[in-house]
Amino acid sequence: MNTNEHETEPVEETASPAKTKITIRLLDKIETTTSSNSVGN
Amino acid sequence: MRLPRVKFEHRPHRYDDGTIRIGGEIYGIAAEIADPYGWVWTALTLMDGTRSRDEIAERLRLSHPEVPDAASIVEQLVATRYVEDAAAGPPAGLSERELDRYSRNHAFFRAVDVAPRGDGWETQLRLKSARVVVLGLGGTGSHAAWALAAVGVGTIHCVDPDVVELSNLNRQVLFGEDDIGRPKAEAAVARLRTVNSDIRVTGERRHIGSRRQLDDLIAGYDALALCADRPTGHGIRVWANRACAAANIPWAGGGYNGPLVTVGCFAPGAGACYECLSSGEEARRRPGTPVNLGGPGVIATSAGVSGQLVAHALLGLLTGVPVPPAGTIQGVNLIAADHHVWVRHPPRPGCPVCGTRAPAGGPKHNSFRPRTEIDAG
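Protein chains in written order, with this note's numbering: chain A, 52 to 92; chain B, 3 to 379.
Since the hints were made in silico from the structure, they are not lab data.
Cβ coordinates follow ideal geometry from the N, Cα and C atoms, glycine included.
What you were told as hints is all true, and nothing was included just to trick you.
The calculated EDC-like cross-link candidates involving lysine to aspartate or glutamate, where the alpha carbons are at most 16 Å apart (straight line), are:
(1) A/K70 <-> B/E68
(2) A/K72 <-> B/E34
(3) A/K72 <-> B/E77
(4) B/K130 <-> B/D200
Label pairs and their in silico Cβ distance ranges:
(5) A/E82 <-> B/Q215: 47 to 55 Å
(6) A/T84 <-> B/R286: 28 to 36 Å
(7) A/T83 <-> B/R287: 28 to 36 Å
Working from the sequences, and respecting the hints, build out all of it.
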């Protein structure tokens with residue numbers, strides 16, 4: 052399963068609508084950058 | 003949540019491949035959402051504070067008829083830290099003046115809060131109702147007390163036995179030349195009341211010479227900022243550890259050993275206590291090494307970092323925003339930018355202060371940077 056993609060999965064048999072699961076992945080430390088819009092006032 | 007709105011600080015960006023960046027670029031906040039069909043992007047775009055959740059879901063269905071469950075997408079996004087309720091009115095309990103004074107606090111807490119909340123002012127309200135004792139008004143304590151007052155902690159009690167001396171003025175932010183010879187507690191109270199007249203500031207010139215005296219001092223307060231180093235840095239921390247555990251209140255203690263600045267953050271029932279951390283560090287020390295090889299050197303910057311770290315730890319302990327690193331000691335080495343202090347040890351089996359939760363297999367030392375032992379205060 053690729054957790055970075057939407058997963059569409061039936062909830063209950065065929066009578067219920069499928070649910071779309073959103074996967075929100077927090078960035079790792081190495082993926083973040085020094086802020087270019089920092090303020091100091 | 004009546005009118006979902008993506009927080010200003012977390013406004014999303016969509017890359018060419020459809021991936022959504024939300025929450026800016028700071029580690030601990032920023033995230034990515036894979037969105038190959040554009041459903042999430044559409045929903046986030048609709049969350050501008052003018053539509054209800056049902057209206058957003060309906061508009062999403064109109065834009066993307068193939069979406070299996072538009073309402074589910076909306077509900078999942080509403081449950082994240084990135085969305086607030088535009089319909090939330092001004093909070094009861096804060097005056098117009100306080101809303102203005104703390105407007106930047108509000109933006110900060112709103113940005114770093116990891117919990118979804120309808121009202122971004124909850125953190126400020128918790129601070130307003132908080133009561134904190136600042137013990138010690140030297141380099142660390144003066145900066146800590148200033149920060150706690152400025153940020154809006156509702157009740158602050160300042161305690162120190164000393165008078166202001168000329169040699170204090172290189173680092174102790176609450177005092178000026180006119181205060182030389184004046185009791186620190188008295189001068190600190192006067193200064194803090196000019197910083198923030200919307201809070202209650204009290205103080206007393208007092209020496210804490212026993213655990214029992216510390217018990218009495220903290221009775222009725224919500225947290226302790228330990229910024230004193232007498233009778234010894236370790237000794238008074240042990241008193242604080244036991245007194246705060248008995249009173250069931252959190253505490254933070256900070257200090258410096260030359261350029262090494264550290265703060266310990268402790269809360270009953272959350273991680274190891276000070277004595278367990280201290281014991282763990284002692285076990286790592288080379289046998290025969292004296293406990294304190296430091297000296298009295300301190301400048302405004304090292305004292306300032308120390309006090310601000312104490313205050314910041316207390317904000318988390320009092321409000322949960324940001325989430326406090328309870329049961330740890332953290333810090334920085336001001337002469338080695340790549341040295342980040344991050345000390346964690348498990349509770350010792352049978353510790354009378356923090357319990358018997360030591361895991362099987364012995365202590366574990368966790369660190370993502372070179373570790374160091376506890377400073378000398």
